[in-house]
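Top line first, the protein sequences correspond to chains A and B. Under the working numbering, the first residue of the first sequence carries the number 104, and numbering increases by one thereafter. Under the working numbering, the first residue of the second sequence carries the number 686, and numbering increases by one thereafter.
Source of the hints: derived by calculation from the structure; they are not laboratory data. Certain hints may be false.
[Claimed, not checked] Derived DSS-like pairs: lysine-lysine, alpha-carbon spacing no greater than 30 Å straight-line:
1) Lys721(B) to Lys687(B)
2) Lys768(B) to Lys205(A)
3) Lys711(B) to Lys205(A)
4) Lys267(A) to Lys140(A)
5) Lys768(B) to Lys711(B)
6) Lys750(B) to Lys205(A)
7) Lys805(B) to Lys768(B)
8) Lys205(A) to Lys267(A)
[What the hints assert, rightly or not] Covered stretches of chain B (in silico footprint by chain A; criterion: 3 or more residues with CB under 8 Å from a CB of chain A, positions within the stretch not fixed):
9) 696-710
10) 858-871
11) 985-992
Glycine is no exception: its CB is placed at the ideal position from the N, C-alpha and C atoms.
The chain contents come next:
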Amino acid sequence: MAPRQRGATDPAGERELLSAGDVARTVARMAHQIIEKTALGAPSAPAVVLMGIPSRGAPLARRLAQRIAEFAGVEVPTGTLDVTLYRDDLRRGPTRPLEATKLPEGGIDDKLVVLVDDVLFSGRTIRAALDALRDHGRPRAVQLAVLVDRGHRELPIRADYVGKNVPTARTEEVHVLLAEFDQRDGVVLR
Amino acid sequence: MKHLLSTEGIDPAQATAILDTAAGLKQALEGREVRKLPTLRGRTVITMFFENSTRTRVSFEIAGKWMSADVVNVSASGSSVSKGESLRDTALTLAAAGADCVIVRHPASGAAHRLAGWLKEAGTSVVNAGDGMHEHPTQALLDAATLRERLGDLRDRRIAIVGDVLHSRVARSNVHLLTALGADVTLVAPPTLLPVGVENWPVTVSHELDAELPSLDAVMLLRVQAERMHGGFFPSAREYSIAYGLNENRLNLLPEHAVVLHPGPMLRGMEIASAVADSPRAAITDQVRNGVHVRMAVLYHLLAHEEETA
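Using the sequences and the hints, build the whole thing.
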């Protein structure tokens, strides 16, 4: 396969926004930002946990934790938080299968929880995640990290860490590809 | 899915999806302070029981409440049924009052099917919680969930259903569901307690419990249903117990990993010895626990998706 030109449109009508290398660099930068903003490792800083929202937020949270461990030498516990049962659009489509919820060891009470997702769009998934989190415990604070913010918010929700801001049309679809699911890393617009 | 009326002819993919949802719900609720999900907020579920029941009715009620549905219980004795209202009129009344789902137990086989027909226009979902000697699909689903937990995939697992198959809706529902999931089902009962036409079921039939035990992965005991027996199906309770009751000696004939199930209510000393019922290999309390998650999953698959016309 010929190397993809960033921004080029391929015959399938697909435009690459981030290459595999870009994804790795972006995750690394976000890891640095999390370390800085949460004062990770400082004696007075709150304990940080990363909660990935399935499906693609889960491996992203693990990757961020790996980077944070490399850069700061701090092992940040990760977990997954399925928000399906808290969605407000369940009656607008076929039955959604559930994904795994796994709280990190030590739980989330009094922790600084960083929610991790691939794409921030309407904000409704994050609204559901905040509700789900509340049923699992009482974090000291909640922050949000997303690889791509594509705009078109329908709720007053904003990310604390954004990998890339992408202006999009509502009809376009942003797909984050991760090797764990898609055989390669990248972000494409369809 | 619009209704859950029987497991006969159930799509294995649909059954697996429900079981996966049940496992997901169980995992999602485990160790939580707040055992309540907002998923079915604003939906109304009515249970309509024309037969006695503790575990099934309570289990459906808890399932509905943990999903935040509004649950209303109707029993035959305290309702207009005792004044002579027909099942159809009662059902239409409940639908008109705003039921999104009616869960029905009735002594007549086929009652849930009729109800689903009558409620078609109202768009109300119907769950069969046991109809006469026909089916009890959520019991089969919770049995399958329990077996999957203990044994993993049920493909080619050998499962015996022992006892009063003739009067048992649990046995019928389990035969259809477990074989759909790929299990190898054997019915073990005296000839008098096997239904006519059993030779056309996708099962093997045996009259000798001891011969089957060593090769089983699971044994499911059925309650001897005295209330449905009008005539001599076996000489005496003691003789039945000696031939088909699971006692400690028989428990030792089972392989180490084999699971003992009973849908309840149990008659200790009749089809199951007390020591067997309380042994760690019996999964009877797991069955009840899983019953709530399975019924939550059923409500989720019936009510948490866009309207379909079926």
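Against the structure, the hints:
1. Lys721(B) to Lys687(B): holds (24 Å)
2. Lys768(B) to Lys205(A): Violated, at about 52 Å.
3. Lys711(B) to Lys205(A): holds (12 Å)
4. Lys267(A) to Lys140(A): holds (18 Å)
5. Lys768(B) to Lys711(B): Violated. Lys768(B) to Lys711(B) sits at ~41 Å, over the 30 Å cutoff.
6. Lys750(B) to Lys205(A): holds (23 Å)
7. Lys805(B) to Lys768(B): At roughly 25 Å apart (the allowed maximum being 30 Å), Lys768(B) and Lys805(B) satisfy the hint.
8. Lys205(A) to Lys267(A): holds (27 Å)
9. 696-710: holds (count 5)
10. 858-871: The restraint on the stretch 858-871 of chain B is violated, since only 0 of its residues have a Cβ under 8 Å from chain A and three are required.
11. 985-992: Contact hint for the stretch 985-992 of chain B vs chain A: holds, 6 residues under 8 Å.
Taken one by one, the earlier hints fail for this structure at numbers 2, 5 and 10, listed in ascending order.
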